[in-house]
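Undergrad: Now for the letters of each chain:
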Amino acid sequence: MMLIPCPFCGKRNESEFIFGGPVGADRPDPNAASDAEWVEYLTVVPNPLGPVQERWWHARGCGEWVTIWRDTRTHDIVRAPDGPK
Amino acid sequence: MSYDVQIDRLGRVAVFDLKGTADAVGAWVKDILPAFPVRPNTRTEKNGVALCYIGRNHWLLRAARDAEERLEQRLKPTNCPADISIVRVSDTLTFFHVTGPDAADVMAIACPLDLHETVFPPDAVTYSEFFGLKALVTRCEGGFECAVEQSFGDMVADYLARATA
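From first to last, the protein sequence lines are chains A and B.
Okay, so the first sequence: first residue is 1 according to our numbering, each after it adds one.
Okay, so the second sequence: first residue is 1 according to our numbering, each after it adds one.
Some hints here could point you the wrong way.
Claimed, not checked - Within a straight-line C-alpha distance of at most 27 Å, the following computed BS3-like cross-link-like pairs (lysine-lysine) qualify:
1. B:30 - B:19
2. B:19 - A:11
3. B:30 - B:76
4. B:19 - B:46
5. B:19 - B:134
6. B:134 - A:11
In case anyone wonders, no lab produced these hints; they're calculated from the structure.
Bound conformation, chain A alone (with noise of 0.2 Å):
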């Protein structure tokens, strides 16, 4: 069970939330982007072994979305990581 940090409600049980995806990469420039740079934003997701940025939307709760970063190899809520993002 996670206890996922609500802006507005505080930590509250993972079953409130709805997974919304892991946050992707920003758009890259279209006219700038390679082919391979631009298949690769549309269709890789992220899927590290550690921390990932995710979304989750408190559907039955406030409604709010959180970002949040969890580390896939233990389910904990985790800093965001130094470096780029």
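Dock chain B against chain A, hints included.
TA: Just chain B, lined up with the frame of chain A:
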């Protein structure tokens, strides 16, 4: 195992959904509203009307059934400014009271919230889960009150009967 609780299904309750900033909503209907709650997931009451702070810029106004028409006339939902929303939602919710010495034990079956009084005080109100359904949970005299979408009312009544049998 049976529990020492009483389950009551309430009749219709007047509920209005208010959206917009506190300033904007207050400017439209401040004379009939209690003071706006400051802390998230709490409520204030005045003259039998409760104002529940259940989301960012989102409130529920709750009163007895016989106050519904009077409130509707004062709130004027169809004439409100474009930056706020007022919708009568009385007929979308079914309310249950779970009261008695074992009310907290029954709630622990149905709801993932920590409902201890130090965490969930008497003025607390929040949306959460009740048997997996989105539900408005608050305290009432001697126990807890839960409101679920009205079409699930019979199902939740059955769940409660089975959980407490």
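Undergrad: State for each hint whether it applies.
TA: Here is what the structure says about each hint:
At roughly 14 Å between alpha-carbon atoms, residue 30 (chain B) and residue 19 (chain B) fall within 27 Å of each other, so this suggested pair holds. At most 27 Å may separate the alpha-carbon atoms for a hinted pair to count; residue 19 (chain B) and residue 11 (chain A) meet this at roughly 24 Å. This hinted pair checks out: residue 30 (chain B) and residue 76 (chain B) have alpha carbons roughly 13 Å apart, not beyond 27 Å. Proximity of residue 19 (chain B) to residue 46 (chain B) is assessed by CA-CA distance (about 20 Å); at most 27 Å being required, the pair is judged to hold.
Under the criterion of a C-alpha separation no larger than 27 Å, the hint pairing residue 19 (chain B) with residue 134 (chain B) is consistent with the structure, at around 19 Å. A threshold of 27 Å between alpha carbons decides the hint, and for residue 134 (chain B) with residue 11 (chain A) the separation of about 17 Å falls inside it, so the pair holds.
Checked against the numbered hints above, the structure violates none of them.
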